[in-house]
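**Q** Sequence:
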Amino acid sequence: MRRSRRGGHGGLEFGGSGEDSFVAVVVTKLTGALLFILLLTMVIMALIPKADQARPEGQDGEPAAPLAITTPPELPEAIAGRPYNVALAAVGGQGSLRWALDGPLPKGLSFDPNSARLHGTPSAGTPRPVELVLRVSDGSDRDARAARLTVYQPNSPLTLPSRWAPGLPPIPWRAWLEQGFGFLVLLLVYQLGMTAVNRLERLANDPDDSSPRRFLLYRILVRSATLGSAAALAVWLWRQRVG
0 MRRSRRGGHG
10 GLEFGGSGED
20 SFVAVVVTKL
30 TGALLFILLL
40 TMVIMALIPK
50 ADQARPEGQD
60 GEPAAPLAIT
70 TPPELPEAIA
80 GRPYNVALAA
90 VGGQGSLRWA
100 LDGPLPKGLS
110 FDPNSARLHG
120 TPSAGTPRPV
130 ELVLRVSDGS
140 DRDARAARLT
150 VYQPNSPLTL
160 PSRWAPGLPP
170 IPWRAWLEQG
180 FGFLVLLLVY
190 QLGMTAVNRL
200 ERLANDPDDS
210 SPRRFLLYRI
220 LVRSATLGSA
230 AALAVWLWRQ
240 RVG
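According to numbering that gives the first Met the number 0, the sequence shown is numbered sequentially starting from 0.
The hints are simulated quantities; they were obtained by calculation from the structure and are not laboratory data. Treat each hint with caution, since some may be false.
Stated by the list, open to error - So the derived label-pair ranges between C-beta atoms look like this:
hint : residue 1 : residue 2 : range
1    : A224      : R198      : 46 to 52 Å
2    : V90       : A233      : 49 to 55 Å
3    : G227      : R201      : 46 to 52 Å
4    : R213      : P103      : 27 to 33 Å
5    : V132      : P65       : 16 to 22 Å
6    : A224      : Y151      : 46 to 52 Å
7    : I78       : A145      : 53 to 59 Å
8    : I43       : V90       : 31 to 37 Å
9    : G102      : A195      : 52 to 58 Å
By construction, the Cβ of each residue, glycine as well, lies at the ideal position given by its N, Cα and C atoms.
Produce the complete structure using the sequences and hints provided.
**A** Pasting the structure below:
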């Protein structure tokens, strides 16, 4: 405080140093900057969507993909009499998945919805693929897909080589019959049967008149048996192709 005389008047004058003015300016600017930052933060928070309005995210922070079944429409083939185990798969969604399977399952197979596994041992083959429908849901999303399952019936080999000659491989008789070898076997059996009847007729020394009739009956029986077997084989092949 100092006394001053200006314009013929006296009075007291309060004054300050230059450092006090600089501090006041700095404080004013910092306060304005803080207010601007606070206002900007409030605007940004207002623009960011709330957690319940945001899209669901996966484990990596990315938006969750739609739920979709990845199991192929053609399920792996099963073989009758052998264990079968296939796990169904899906991608996307969130939370635990709930599976369901619609359609008649082959005898011996069952589906576990908790583990999404189709397992068991089919007892017999299927003449045609079984039509199934796979379904999965996570509570908010769901997906479905048609699928086909085929159960093959394995060829049963002849037991003759395995019992009398263990060193010989089993004979795939069913595959041979389907290729037409059955008719060749019937022809060979017919030739052997007729040759045996002719030889017996030549060796017969019975002067009885009924002898020619008896061998004629033998020939008729051989021919009838051969024709009946050929007809049965033809019907079996036709059913295999159609079924």
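**Q** Among all the numbered hints in the text so far, which are the ones the structure does not match?
**A** 1, 3, 4, 6 and 7
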